[in-house]
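Line by line, the protein sequences are chains A, S, V and Y. Using our numbering, read the first sequence as starting at 1 and increasing by one per residue. Using our numbering, read the second sequence as starting at 1 and increasing by one per residue. Using our numbering, read the third sequence as starting at 1 and increasing by one per residue. Using our numbering, read the fourth sequence as starting at 1 and increasing by one per residue.
It is possible that some hints are incorrect.
Unchecked claim - Keeping only pairs whose Cα atoms sit at most 16 Å apart, straight-line, the calculated EDC-like set for lysine to aspartate or glutamate is:
| no. | chain 1 | residue 1 | chain 2 | residue 2 |
| --- | --- | --- | --- | --- |
| 1 | Y | LYS102 | V | GLU89 |
| 2 | V | LYS99 | Y | ASP132 |
| 3 | V | LYS84 | V | ASP38 |
| 4 | V | LYS102 | Y | GLU48 |
| 5 | V | LYS128 | V | ASP41 |
| 6 | V | LYS84 | V | ASP41 |
| 7 | V | LYS99 | Y | GLU139 |
| 8 | Y | LYS124 | S | GLU12 |
| 9 | Y | LYS84 | Y | ASP132 |
| 10 | Y | LYS84 | Y | ASP38 |
| 11 | V | LYS58 | A | GLU34 |
| 12 | V | LYS62 | V | ASP41 |
| 13 | Y | LYS99 | V | GLU50 |
| 14 | Y | LYS102 | V | ASP41 |
| 15 | Y | LYS124 | Y | GLU48 |
| 16 | Y | LYS62 | S | GLU72 |
| 17 | Y | LYS102 | V | ASP75 |
| 18 | V | LYS58 | A | ASP57 |
| 19 | Y | LYS99 | V | ASP8 |
| 20 | V | LYS17 | Y | GLU89 |
| 21 | V | LYS128 | V | ASP38 |
| 22 | V | LYS124 | A | ASP57 |
| 23 | Y | LYS58 | S | GLU12 |
| 24 | V | LYS124 | V | GLU89 |
| 25 | V | LYS62 | A | GLU59 |
| 26 | V | LYS102 | Y | GLU89 |
| 27 | V | LYS84 | V | ASP8 |
| 28 | Y | LYS62 | S | GLU12 |
| 29 | Y | LYS58 | S | GLU59 |
Treat the hints as calculated values from the structure; they're not laboratory data. In this text, all values refer to a predicted model and were calculated from it rather than measured experimentally.
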Amino acid sequence: MINVLYFAWVRERIGLPREEIETNAQTVRELIAELSAREERYAAAFEDLESLRVAVDQELVDFDASLSGVREVAFFPPMTGG
Amino acid sequence: MINVLYFAWVRERIGLPREEIETNAQTVRELIAELSAREERYAAAFEDLESLRVAVDQELVDFDASLSGVREVAFFPPMTGG
Amino acid sequence: MGVRVQTDPFNAGAELKTFSSVQTNAGAVVTFTGIVRDLPDNPLAFMEIEHYPGMTEKALEKICDTAIERWKLADALVIHRYGKLTAGEDIMMVATASKHRKDAFEAAEFLMDYLKSRAPFWKKEHAKDGADWVAQRSEDEDALNRW
Amino acid sequence: MGVRVQTDPFNAGAELKTFSSVQTNAGAVVTFTGIVRDLPDNPLAFMEIEHYPGMTEKALEKICDTAIERWKLADALVIHRYGKLTAGEDIMMVATASKHRKDAFEAAEFLMDYLKSRAPFWKKEHAKDGADWVAQRSEDEDALNRW
């Protein structure tokens, strides 16, 4: 079970802020493929990876990062702090 | 008559903050030569021009600046504001 | 070193006073304050800032640690608000203290550049004509390359 | 735009608060505060700052005008004290307000670099072992070359 979090317009497109997901995905990229295949709203959110960022256990990583032992994955647009 | 001002260690070496000087010097450099010839304390203050700065009518200038029409000349070390 | 992530307003002036007054051997203090700007052609109703609780604090602490080590800062402070803000309100501030001004300035710019693009905050502008997520500016991403 | 040359202490925090609160369209405010540092091996009794009344104000106003024009600042402030100061006291501050942080940072650094070497102030440190005029640092003169 992985806790998956969505922020900003990713959250709005998918329609929820977080969910628990049972998955065999080995990498973030595989998890994205799995979710996108599931429903149109996921496919819409994950359509353009260039405009997405991902954190694994609260650290920014790239889409090929491993999910082994991971408890939390978060998807969001490029950050706009400051 | 030119009003001549001295600041910081230039003031201390010469021993006064300002004086009025009757001079025919055409440039700052000529004024310095005239003063240095006058007394040892002036010669000591003007010994090393590299470590001196000059302002004419409250604008920084170089030593070859003209004194024509000038009312105020100030001599001081490099500035250390901030 | 201090990191605060909060909904409450803060007083940048009071923060500067406190931050400065505890510096015993740093001659240079730099602050940056970010203020909500109004939208030129479409008056802003409010700005909403979302963040990633947990990750935000960790990311800010890491950025501060890096700055303190790299520029040998005497101190660093980051305050960032989230929630609803209106035009003219202070969004965030950073402060740095160092012996020399160059280090204090550089570290503050570094903190800001990282905060802009690497701390998990997202801004949404709500105006009369609708609401839009603020897009990252390419200059902000480029600004990271100099560090 | 404001330039103040004074013997009285000032409150950098209160100045930042006032400066920020009048900015309606500038999202970025940067401040620099210079604090009297103690001398590491020879405790400072006091620092004495001498200046050139008349020229100082003119020089500071000119530096501010240049910064405002070059970086299209919304506002700029310079406060500088003279007279006797003790360790821990604020000597001076600059503040800049701009739409974007890069301009506010650069303009504040520019103001500081010019203030350090082109505004007619001289510092003398009075310590137990005697008094010395602070020498200009070659880095300060070099810092001007980038502008």
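A quick look at each hint next to the structure:
Among the hinted pairs, LYS102/Y with GLU89/V is inconsistent with the structure: their alpha-carbon atoms are about 20 Å apart, more than 16 Å. Of the supplied pair hints, the one linking LYS99/V and ASP132/Y is violated, its CA atoms being roughly 20 Å apart against a limit of 16 Å. Restraint check for LYS84/V and ASP38/V: satisfied, since their Cα atoms lie roughly 14 Å apart, inside the 16 Å limit. As the CA atoms of LYS102/V and GLU48/Y are separated by approximately 24 Å, the hinted pair breaks the 16 Å bound.
Between the alpha carbons of LYS128/V and ASP41/V the distance comes to roughly 10 Å, so the proposed pair stays at or under 16 Å and holds. The hinted pair formed by LYS84/V and ASP41/V fails the criterion: a straight-line CA distance of about 21 Å is larger than 16 Å. This hinted pair checks out: LYS99/V and GLU139/Y have alpha carbons roughly 14 Å apart, not beyond 16 Å. For the proposed pair LYS124/Y and GLU12/S, the alpha carbon gap of about 12 Å is at most 16 Å, so the pair holds.
With a C-alpha separation of about 14 Å, the suggested pair LYS84/Y and ASP132/Y falls inside the 16 Å cut-off, and the hint holds. With a C-alpha separation of about 14 Å, the suggested pair LYS84/Y and ASP38/Y falls inside the 16 Å cut-off, and the hint holds. Annotation: proposed proximity of LYS58/V to GLU34/A is violated, straight-line Cα distance about 29 Å (limit 16 Å). Using a Cα cut-off of 16 Å, the hinted pair LYS62/V and ASP41/V is violated, with the two alpha carbons roughly 38 Å apart.
For the hint pairing LYS99/Y with GLU50/V, the CA-to-CA distance comes to about 22 Å; that exceeds 16 Å, so the pair is violated. As the CA atoms of LYS102/Y and ASP41/V are separated by approximately 23 Å, the hinted pair breaks the 16 Å bound. As the CA atoms of LYS124/Y and GLU48/Y are separated by approximately 5 Å, the hinted pair is consistent with the 16 Å bound. Taking the CA atoms of LYS62/Y and GLU72/S, the gap is near 19 Å; set against the 16 Å cutoff, the hint is violated.
With a C-alpha separation of about 22 Å, the suggested pairing of LYS102/Y with ASP75/V is violated against the 16 Å cut-off. Distance restraint check for LYS58/V and ASP57/A: the Cα-Cα separation of roughly 11 Å lies within the 16 Å cut-off, and the hinted pair is therefore satisfied. Taken as a hint, the LYS99/Y and ASP8/V pair is broken in the structure, with Cα atoms around 24 Å apart against an allowance of 16 Å. Distance check on the hinted pair: LYS17/V and GLU89/Y sit about 12 Å apart at the alpha-carbon level, within 16 Å; holds.
Restraint check for LYS128/V and ASP38/V: the C-alpha separation of about 12 Å stays at or below 16 Å, so the hint holds. Pair hint LYS124/V plus ASP57/A does not hold up; C-alpha atoms about 25 Å apart against a cutoff of 16 Å. Between LYS58/Y and GLU12/S the CA atoms are separated by roughly 25 Å; this puts the pair beyond 16 Å, and the hint is violated. Under the criterion of a C-alpha separation no larger than 16 Å, the hint pairing LYS124/V with GLU89/V is consistent with the structure, at around 15 Å.
Only pairs whose Cα atoms come within 16 Å are accepted, and LYS62/V paired with GLU59/A is accepted, the gap being roughly 11 Å. Restraint check: the Cα-Cα separation between LYS102/V and GLU89/Y comes to about 20 Å, which exceeds 16 Å; the hinted pair is violated. Among the hinted pairs, LYS84/V with ASP8/V is consistent with the structure: their alpha-carbon atoms are about 10 Å apart, no more than 16 Å. Note on LYS62/Y and GLU12/S: the hinted pairing is violated, with a Cα-Cα distance of about 29 Å set against a maximum of 16 Å.
Distance check on the hinted pair: LYS58/Y and GLU59/S sit about 9 Å apart at the alpha-carbon level, within 16 Å; holds.
Hints 1, 2, 4, 6, 11, 12, 13, 14, 16, 17, 19, 22, 23, 26, 28, counting from the list given before, are not met by this structure.
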